[in-house]
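Undergrad: Okay, here's what each chain looks like letter by letter:
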Amino acid sequence: MPDYKVETKNLDLYYGDFHALKNINFTAEANTVSAFIGPSGCGKSSLLRMFNRMNDLIDGTRFTGEVYVDGQDVYVKNIDVDGLRKKVGMVFQKANPFPKSIFENVAYGLRVNGISDKHYIEKKVIDSIKKAALWDEVKDKLKKSAMELSGGQQQRLCIARALAVEPALILMDEPASALDPISTGKIEDLIFELKNQYSIIIVTHNLQQAGRISDYTAFFYLGELVEWNKTKIIFTSPSDIRTQNYITGRFG
Amino acid sequence: MTRKQLKQSIAFNFFRLISLMVVAVLFVILGFIILKGIHVINWEFLTAMPKDGMTGGGIYPAIIGTLCLIAGSMTFAFPVGVLSAIYMNEYLKESFLKKFIRTMTNNLAGIPSIVFGLFGMALFVNTLKFGDSIIAGSLTLGLMVLPVIIRTTEEALKSVDDTLRIGSYALGATRLQTIRRVVLPVAFPNILTGLILSIGRVSGETAPILFTVAAYFLPKLPSGIFDQVMALPYHLYVLTTSGTNVTESRPMAYGTAFVLIMIVLILNLLANLIRRVAGKKTKMN
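Protein sequence lines correspond, in order, to chains U and V.
Under this note's numbering, the first residue of the first sequence is numbered 1, with each subsequent residue one higher.
Under this note's numbering, the first residue of the second sequence is numbered 1001, with each subsequent residue one higher.
Hints are computed from structural coordinates only; laboratory data are not their basis.
Just so you know, not all the hints are guaranteed correct.
Listed next, the in silico DSS-like pairs over lysine-lysine satisfying Cα-Cα at most 25 Å (straight line) [claimed, not checked]:
hint, chain 1, residue 1, chain 2, residue 2
1, U, K77, V, K1093
2, U, K195, U, K123
3, U, K100, V, K1158
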């Protein structure tokens, strides 16, 4: 697996007149889990979407500054955006499996990236579902519709789907916020497993979750990256009073 | 019962009555046509040429003609309509161009069908020299139902959850792959609804085919797309108003109306069946 370092330099993002991200300078080292925390609307999801150019899909966005994934400026002209999105997987807040079979959901990324070798696809699909800790629950019903799975299973299927195309960096936008505690626990265990092989950036509203699973934590407030550091440091001795207020629950 | 509840109960019962009236009208029309038409229906009526100045024989060429026109107009209008709806909904951002196309499409829907007939005659029959022919009639009918297909397809595409598109892009799929593999399969059952609606209109319209294809009396089957045909709605009109013996051919007219309704009904049921099967495969929860 290649190492994926992620970096932004002087990044400012606007949605129309709204200044969503203010001069963000952030780095995530390879093979680490970084958590983005902060109150709603602070810009953490917006920053996440910069790394695989998902903000391109929103009308009226513009930005200044630079974004690097694995040393490559991802906003230079003529870059292969679809190729970038293959390398940078994404898991969304609400599980969004395709209304296809469980097997086809995971095979989808391979197929759209031009892979047609049946044996390879089958192997990769099984492999990815296993990695996403879903295999035991679905191994007898791969041909069944993904819509029949529970919310937590659907979310793990979406993770399996992202893993199948062999990303090196996985972006997770509040992946457990719509799930019950047991499903959330499973997702967290999974992230723990995955962090040996992937770089992961996760947006979360759940501070305990950030504390449990991340190596680094970045705190955002009103579009600013207030501070980021090792998770332990952020949670025990933050240097900014706003961070301290947030993690102690005084606002947010 | 309080005054408020009483008012509400009166209001809703009134609404119920009104909606039942709508259903009643449909049943009266159907019942009337069936009662008057069904006894003319027999094998000869469905498979023979008209004879004795259209007071006897069958309506076979008109049935075939209408089926030809349905097939012809859909071959043209369905792909064009679906593709332009895809372009508008999936590619075009909100812009002046999009608004312009949408307004023009709606305007197209508002043009009276007889005007389409006139236009079809001027363009296809005369200028392009297709003559009175299946192709001229099909293109005219196709133009007429384009807005229906575009509008229903657009609605079908809009009803596809955006999170599916985004999930697909996030895996490195292109816009085209996303449309083909995710959006269209989900939207397909609803797109089919547009097809059903337009088939219903195409098979029933008389004005657009009046000057472009329909023959008053042509007791043979077409051998190509440049041939004229008889068509059920026009045949109905002829039998009712300008046949050789209007009174004698009146039962034939009811029979024709019956067949016309049945064709539309059967096509609707068929499309509904496809819709249900296709919908099951891509069912959203």
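Undergrad: Look at each hint and say if it fits the structure.
TA: Structure-based check of all given hints:
Between U:K77 and V:K1093, the direct Cα distance comes to roughly 21 Å. Compliance with the 25 Å bound is thereby established for this hinted pair. The hinted pair formed by U:K195 and U:K123 meets the criterion: a straight-line CA distance of about 22 Å does not exceed 25 Å. Between U:K100 and V:K1158 the alpha-carbon distance is near 19 Å, which keeps this suggested pair within the 25 Å criterion.
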